[in-house]
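Protein chains: 4
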Amino acid sequence: MAEQRSDDPAESPALGTHWYPSRWGAEDQRGNGNLMGPEKIRAALALVSRHEIIKLGHPYDAQIPLAPGRLFGLRMPGGPTGGPHGGRSKTVWNDEFLATEIGQIGTHMDALGHLGRQIGEKADHGNIRFYNGNPLSEIWSPYGLTRLGIEKAPVFFTPGLLLDVQGLKGRVMDLGEEITPADLQACLERQGLSETVFAPGDAVLIRTGHGSRFRTEAATFYDGAPGLGLAAAEWLAEKAPSVVGADNFAVDVVPPVDPEVFHPVHQHLIMKHGIYLHEGMKLDELAETHAWRFAYIFAPLPIVGATGSPGTPIALI
Amino acid sequence: MAEQRSDDPAESPALGTHWYPSRWGAEDQRGNGNLMGPEKIRAALALVSRHEIIKLGHPYDAQIPLAPGRLFGLRMPGGPTGGPHGGRSKTVWNDEFLATEIGQIGTHMDALGHLGRQIGEKADHGNIRFYNGNPLSEIWSPYGLTRLGIEKAPVFFTPGLLLDVQGLKGRVMDLGEEITPADLQACLERQGLSETVFAPGDAVLIRTGHGSRFRTEAATFYDGAPGLGLAAAEWLAEKAPSVVGADNFAVDVVPPVDPEVFHPVHQHLIMKHGIYLHEGMKLDELAETHAWRFAYIFAPLPIVGATGSPGTPIALI
Amino acid sequence: MAEQRSDDPAESPALGTHWYPSRWGAEDQRGNGNLMGPEKIRAALALVSRHEIIKLGHPYDAQIPLAPGRLFGLRMPGGPTGGPHGGRSKTVWNDEFLATEIGQIGTHMDALGHLGRQIGEKADHGNIRFYNGNPLSEIWSPYGLTRLGIEKAPVFFTPGLLLDVQGLKGRVMDLGEEITPADLQACLERQGLSETVFAPGDAVLIRTGHGSRFRTEAATFYDGAPGLGLAAAEWLAEKAPSVVGADNFAVDVVPPVDPEVFHPVHQHLIMKHGIYLHEGMKLDELAETHAWRFAYIFAPLPIVGATGSPGTPIALI
Amino acid sequence: MAEQRSDDPAESPALGTHWYPSRWGAEDQRGNGNLMGPEKIRAALALVSRHEIIKLGHPYDAQIPLAPGRLFGLRMPGGPTGGPHGGRSKTVWNDEFLATEIGQIGTHMDALGHLGRQIGEKADHGNIRFYNGNPLSEIWSPYGLTRLGIEKAPVFFTPGLLLDVQGLKGRVMDLGEEITPADLQACLERQGLSETVFAPGDAVLIRTGHGSRFRTEAATFYDGAPGLGLAAAEWLAEKAPSVVGADNFAVDVVPPVDPEVFHPVHQHLIMKHGIYLHEGMKLDELAETHAWRFAYIFAPLPIVGATGSPGTPIALI
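Residue numbers (the working numbering), protein chains in the order written: chain Y, 1 to 317; chain R, 1001 to 1317; chain E, 2001 to 2317; chain F, 3001 to 3317.
Hints in this document: simulated from the structure, not taken from any laboratory. Some hints could be false.
Cut-off 30 Å, straight-line C-alpha distance, at most; resulting in silico cross-link-like pairs (DSSO-like, lysine-lysine) [said to hold, decoys possible]:
id	chain 1	residue 1	chain 2	residue 2
1	F	3239	E	2152
2	F	3169	F	3239
3	F	3122	Y	122
For reference, chain Y alone in the conformation it holds in the complex:
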């Protein structure tokens, strides 16, 4: 699809003039996931000293915050579900049945096929475009994405960096409060790091403090959040991370700085740069250890055609 470009790139400032083909070629479906490999694993392990694991995700239950329109239902069939089987063993077992927007609840990573934009005036499936310019008409089916699903993502095992904006500000950030490049630079300095810390393929995690509202303010968790502005996303994208994560629900600041540009960080990082967003992370414990650098490890749940993955990313410190 290399020949196709946004008709009017000015429409979304998040995408600039030429947002596809991607740096990985017009047919690529992995984005900066292509940067994974032995070198990143070695670099990640070089950051490990304590050999301790810190979980960076929340558990999933019916009380977690949910974006409007989504639901979470877990039901245990029977009691027990099966058995007893075997005259002497009398073996029984339990199942559970889950009904939910599996890839878009709680702590989750967006697939490259999650977010796109409409080009032109008509909302037809040919005009709705995703990473590498893929039109919805070519990636969509009622039973799962046929391209850009989360099963295309690699296992992530790469150096991780925590930028603790909450620590910098000395407070939980406010809803709608934008994180700027200067904030991120100040974090580096406060944490005793410099811009040389970044290498392509790293995972960069941003702590805003919104994660502290995950359990206590579940009903309003999605009403708004502190988060990255477009400038910070552009600054980060230049470092070519494979993952940008945050403890808010969208990485993006919500409501957006420019009300005409919704989720520009999503657009810039996912669509233009093929960078995976990891949303709704749990970063407090990691921040408390001051282990700013660590091995970030995450194997997405490979549901074919899903738009994202739940699961527990870990920091190996």
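Fit chains R, E and F to the supplied structure of chain Y, relying on the hints for placement.
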């Protein structure tokens, strides 16, 4: 619950005389997951040379084998699900909706609350017991297990060992073909290893060849399988692994050797020893590398009260 | 099961000394549904003059009140779901995917297997009893009730009677406000009817006014409700209706008059008398017509093993 | 939308030159459901002599035939789901959880928003059109149809007519065997009726014999079916029924007579004439009574935005 024991332990040969309290105490919910920690991580990393990742799980879709009674449904709501939002960005997004026995499909790890047995004649919730003797009446709710759910399991990062029985036999094993301790010992020898290779907390994976039927014989995949017999499970349990996995659907051989004793390996490993079973694994690529030892890494999907976890375990070689 | 009776009938005042076998025999699964037949249809049609239909049910959507623990999810797969098929016709179609407690949401009729009680101290499946004394152990499976499911109910086509307590009181009744036999008798008198109006197999519908809160107070709809007390249920049961319905969520008054006796009207009518409850009805339009007598028609959705049925009962006036 | 018409009406022979606006006006969402009313009820009741009810639908369970891509899952949460509540009553209850394409399984009626066609070359939502020319872009949301959903349909209470083609042929019809106008005329004659039997708003049910395969050939039930050809549908449409039903899965003959024109009967009846299709009916018992004329009664399950309705239509004979 230390005071409670099986009224007639002979009923299930898989459990012996005193199957609880567990070695981890009567209140424990993690079993041999308690063996995880920095030492195991260090030991696991000592096995890594190439710094390559091999996925040990199958992707999930509507064509995977399913045990009788279970289903898998993925539906994409709308097209796209959300948007366009923002006058200039026209941002859209896709969700997916999943309905399934999430913890018991495809490649998955059983929680300690998945499998139990009925003691005595009456199938009441007080007589159906699990790990540490927990009665169903104390761990059950319609909306998830209240004890022994998969969220209680640790992140597994530990030395892994592949025992390639398929390689030993030079063929895909037959349905109902039992793996014995002698088979496992012969695997060690053939693979240039000895019994000293085992250390408590390791993950031991068994390749039977049944995994080669996962895609090609999905409709009959659950009709039967080669797998461990009780003697092999007892032999393995003495090594105190945290995980025993296999490329068949139940680790157990099916049908069972003794038709009166259903899933004895499940009972022995999960209920008596608190060892996690990893079922439906994909082990061919790992076997082909001859990397018999590796770092086994798996972070269960922490759905609160679920009976198991899907996801991709990895071998870091 | 005729030989079995409540060990201590005093435990639930709603059930009295001998609550089974039922008047229809120990094996019956239809209760007063057995009263349906040509005579009732003739009697029902004799009440029809205008030949107009009034719907007595609410539509179903994601905004309806839901009892705690239940959910309603509707998702449209794709867009469209199928097609285009046929080079010239280019036929497409839409599906919807529903995930919900189908028999227990919005306007619905309870199956005889919906409600029971525990006898004795132990909550085992043999001690949890339903209509005709059926133990849970004999009617239950993880995939649907094996006895007393809604598919056992007949099609209801029978004389209907609306008792307008809201009209009597001149106001929407309060949460927890009990309807007594005297209230029902006063309704009859106010509506120009007498006790001779009742015949076995009729459907008796009670208007409390709580239905007016269905749309406007959905979030608190299940917090409490006016409804029948046990005395009124006993009074009604003597008339041997096939159905008792109401515009509240449980027919019962909530909270109950005696906090030790939960949903006594359910117990008395369903378990002892085999009378079907129709809950969450929409009765305002019918009341406004003053058509107190009508043909009540309802064909339950016959999902095998379901605990109830949604759908639109109608009054033919 | 009166100004819009098919660009090239010849594309789908099922729709002719001008298929919208409908006879009920450009904004109508009920089609021939508008013909319901007191007169039809009176006419229907005039056909009733025995005052017996015959169910015209199959029950729903996990063994029913399902069109490709659809599923049916029923799970009973817990055991019981709720309780015991109340110290003396110890009340318990059961729920069920259903996950399915609710409006498109087993015996069901299609909503007017179920079936449409693409006009022009591009499959955008503006080019996919339904009854009254509604574009998908104006009737669609991820959470239900916003127009033409089944909740817009009336309660059907109208004269019914059974045309017993199976009886005429003296055999179960073959897959792909087309029913012609001559067949329907021969049915009338054989059944002692004439074309004067039809009145606008009636329900016409066609027995092909395919229904006898519903339970016995569930796995192949959707592979093909006898059914109406376009000529028969045109002949029927001239009689202006409100409903055309059949015991096959699509009313249409499958595979279609013209492989380039898929489901022309759907297109002609639903899209052009606003006639509701009732599919997967159970007609054997009715046929055996020789009660060719009867009152057809069906209250669709009013799930807002659903594409169809399950449920049990009845014949009152």
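The hints, checked one at a time:
Annotation: proposed proximity of residue 3239 of chain F to residue 2152 of chain E is violated, straight-line Cα distance about 37 Å (limit 30 Å). Only pairs whose Cα atoms come within 30 Å are accepted, and residue 3169 of chain F paired with residue 3239 of chain F is accepted, the gap being roughly 24 Å. The suggested pairing of residue 3122 of chain F with residue 122 of chain Y holds, with an alpha-carbon distance near 12 Å, which does not exceed 30 Å.
This entry does not satisfy hint 1, going by the numbered hints stated previously; all others are met.
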